[in-house]
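Chain by chain, the residues:
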Amino acid sequence: MTDPNDPLRVIPTDAPPVGACRQTGTSLPPLTLMGEHDLCPGCGEPLALRQILDAIDEMGMSQRAIGTIGIGCYTALTSLMDIDLIQALHGRAPSVATGAKRMLPENLVFTLQGDGDMVNEGLQEVIHTAARGENVTCILLNNGVFGETGGHMTATTVLGQRTKNSIEGRDAGEHGYPILIGDLLARLQGTAYCARASVHDAKGVHRTRRFLDRAFESQMKGQGFSFVEILTMCPTGWFLPTAEGPDYLDQELGAVHEVGELKKDGVLIEA
Amino acid sequence: MNVSTTERRLMEGSEAIAEAAIAAGCRFFSGYPMTPFTEVLECFAKRLPDEGGACINAESEIEAIGQAWGAAATGARAATGSTGQGLSLMQESMSEITRAEIPIVIFNMARGQGDYFQATRGGGHGDYRHIVLAPQSVGEAVELTQLAFHLADKWRHPVVIYGDYLIAHTAEAVATPKIDFGSLPAKDWAVDGSLGGSGRSRNVNPIGMEKGSKGIDPNGFWQNLADKEDEILEAEQRYEAIDTDDADLLIVAFGTLARFAHAAMRDLRAEGIKVGLFRPISLWPFPKEALVKAAEGCSKVAVLEQNAGQMIEDVQLSLLGSVPVVPIGGISTDGAGFGIGALLDSDLIAGRARDAHAGRPVPRGVVA
Chain A
0 MTDPNDPLRV IPTDAPPVGA CRQTGTSLPP LTLMGEHDLC PGCGEPLALR QILDAIDEMG
60 MSQRAIGTIG IGCYTALTSL MDIDLIQALH GRAPSVATGA KRMLPENLVF TLQGDGDMVN
120 EGLQEVIHTA ARGENVTCIL LNNGVFGETG GHMTATTVLG QRTKNSIEGR DAGEHGYPIL
180 IGDLLARLQG TAYCARASVH DAKGVHRTRR FLDRAFESQM KGQGFSFVEI LTMCPTGWFL
240 PTAEGPDYLD QELGAVHEVG ELKKDGVLIE A
Chain B
0 MNVSTTERRL MEGSEAIAEA AIAAGCRFFS GYPMTPFTEV LECFAKRLPD EGGACINAES
60 EIEAIGQAWG AAATGARAAT GSTGQGLSLM QESMSEITRA EIPIVIFNMA RGQGDYFQAT
120 RGGGHGDYRH IVLAPQSVGE AVELTQLAFH LADKWRHPVV IYGDYLIAHT AEAVATPKID
180 FGSLPAKDWA VDGSLGGSGR SRNVNPIGME KGSKGIDPNG FWQNLADKED EILEAEQRYE
240 AIDTDDADLL IVAFGTLARF AHAAMRDLRA EGIKVGLFRP ISLWPFPKEA LVKAAEGCSK
300 VAVLEQNAGQ MIEDVQLSLL GSVPVVPIGG ISTDGAGFGI GALLDSDLIA GRARDAHAGR
360 PVPRGVVA
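Protein sequences appear in the order of chains A and B.
Under numbering that gives the first Met the number 0, think of the first position of the first sequence as 0, with each following residue one higher.
Under numbering that gives the first Met the number 0, think of the first position of the second sequence as 0, with each following residue one higher.
Check before you lean on any hint, since a few could be wrong.
To be verified - To list a few chain B residues with every Cβ distance to chain A over 12 angstroms, as calculated:
1. Pro32
2. Ala71
3. His168
4. Glu228
5. Gln236
To be verified - If you want the footprint, here are the derived chain A segments under chain B, 3+ residues with CB under 8 angstroms:
6. 56 to 65
7. 142 to 153
8. 222 to 232
9. 249 to 255
Unchecked claim - Facing chain A, according to a computed beta carbon distance under 10 angstroms, are these residues of chain B, among others:
10. Glu50
11. Glu62
12. Gly65
13. Ser92
14. Ala99
15. Glu142
16. Lys186
17. Ala335
18. Phe337
These are computed hints drawn from the structure, not numbers from a lab.
Beta carbons are placed, not taken as given, at the ideal position from N, Cα and C, and that holds for glycine.
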């Protein structure tokens, strides 16, 4: 890891850079490992990941956190997270987290899954884990597509959204409707905390962090199941220029999967 | 519940298995009801909370093995189980758990012996094997259950106990004291969160992904697994050979069916036919060398199994044509499909062995 006492390096601006610009210095969150990763430009997941790692660190849970993660893009995330991790199968992380939490109830146990992982393949798992009131936190990074396979429709893809297998846009008659998973889980009695956030702008990132703090606190208080859905950009999977990712997220996915808290201390928050 | 573990008492196999697992230190169990496995789950549900453990009535077999996976990844001794059909649903996870090198015990209270291939070949993706132990009695199930937890930790590998309806539901007088199989390596790979932020945090995963590194080393990863499986193959072959030294006909059978074969063997010996019995206890690794030795000098090897012919392939692959191999088993199950078929009859088995010995044809099916 970079030495925090190193003076910040000054990038010369009197000549054009010889290669692609790369951030230097000490801006990494404490629980991040240095190293290369395979995430695409414009991906929203690192923003979400950073909030998760910061939240864990500031809660003082760095040495008591266990993450269970899915597959797909998440394999690329594992090498960057400096906390103990179990990699589960597509959809199975809530069950794996359940087993880990039952054996280590003092630990902060969370899942990190995509929408294809959690809402397609693993819908049953997350619903049962919530209904059981299992004292774990499930975190969904929802970008409305299967990112790693190259931009295919998932169960959260919004109507009209173009994907590789809904090429003219998702059509309700042909493809059915998106599942608003946060709204669904909030209604289950075992769910203590439920919220949806977005990382498309600074305000959204701060709100993401606040919701994560509350979910983790809820777990450590033993209130039951907690859930944070974070809308993230996937310009690669959306076939958009990188710079258009945040606005697309806000206007298209965000219009259907509305951000905000859905349940707190076991009480539904009415819109 | 106050139970003496050293006194023999009458116990159904399901209860004996749960008691043996708890004696071995199992503190997590998860399962989904399915006959004839159901009572194993019931016994764990009854006993584990008293021992400070957890038993979850999972909503599906897929979730059951997922939960056991998470518990085992923390270093706890964890188990799950089902019946062949439920095991089919768990195969995907069994493959991943094997590759993630997580010790776990899986009880298969099978419906008969039709799941031999499922147990020994695995129905999941990828290039893997897991250890399979097949008890023939409740007493042996107690011992093999405890051994299974030991072997799982020793090799960081899943171990399957292949039982059946009769093992689960027959009551026998057994004791369930803790059996000491020797010391084991520390579970320094298990996650507990304590290394977070140290740069050395752990990653329990099925692809050989190392923290802080880009990409994976697939060749090294698969080679390690293959090398370990070779070592298991060398070290963990288990079997029982009865009266094989002077045998002319060798019967090969596993699990409960082998007990019926043993009774048939005694009758045939009384008639003057020199019969030996070879019983693989580890179905993988298959006790190949010992079978070759037991078959030496025999004019024929008769394979008795309650299916259309599955273990016979391992017998043939072991003997490589050195001794003629004939099937004397067949498809045999009861109306409910639990595998308690007409073949569980020592007279019938003796008749078939007699026919095989005399070179007469043996029918493939068994009418229940």
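Original post:
Within the assertion that chain B covers the region 222 to 232 of chain A, do at least three residues meet a Cβ-to-Cβ distance smaller than 8 angstroms?
Top reply: violated (count 0)
Original post:
Is the interface hint for B/Glu142 satisfied, with its Cβ closer than 10 angstroms to some Cβ of chain A?
Top reply: violated, 26 angstroms
Subject >> Per-residue hint verdict: B/Lys186, partner chain A, C-beta under 10 angstroms >> reply: violated, 12 angstroms
Original post:
Going by Cβ atoms only, is B/Gly65 closer than 10 angstroms to chain A?
Top reply: Hint holds; B/Gly65 Cβ to chain A Cβ min 3 angstroms, cut 10 angstroms.
Original post:
Against chain A, with CB atoms and a cut of 10 angstroms, does the hint on B/Glu50 hold up?
Top reply: Given a least distance of 13 angstroms, the restraint on B/Glu50 is violated.
**OP:** Identify whether the interface hint at B/Phe337 stands, where standing means a beta carbon of chain A within less than 10 angstroms of its own.
**Re:** Since the shortest Cβ distance to chain A is 28 angstroms, the answer is violated.
**OP:** With chain A as the partner, please determine if B/Ala99 meets the hint condition of a C-beta pair closer than 10 angstroms.
**Re:** Check passed: Cβ of B/Ala99 comes within 7 angstroms of chain A, closer than 10 angstroms.
**OP:** Beyond 12 angstroms from every chain A Cβ: check whether that's true for B/Ala71.
**Re:** B/Ala71 is in fact no farther than 12 angstroms from some Cβ atom of chain A, at 7 angstroms.
Subject >> Restraint check, 10 angstroms cut-off on beta carbons, for B/Ala335 near chain A >> reply: Where the cut-off is 10 angstroms and the nearest Cβ of chain A is about 29 angstroms from B/Ala335, the hint is violated.
**OP:** Classify the label on B/Gln236 as holds or violated, using whether its beta-carbon is more than 12 angstroms from each beta-carbon of chain A.
**Re:** holds, 31 angstroms
**OP:** For the hint on B/Glu62, just tell me whether its beta-carbon gets within less than 10 angstroms of chain A.
**Re:** holds, 5 angstroms
Original post:
Does B/His168 really sit off the interface, with its C-beta more than 12 angstroms from all C-beta atoms of chain A?
Top reply: holds, 28 angstroms
Against the hints set out earlier in the document, violations occur for numbers 2, 7, 8, 9, 10, 15, 16, 17 and 18.
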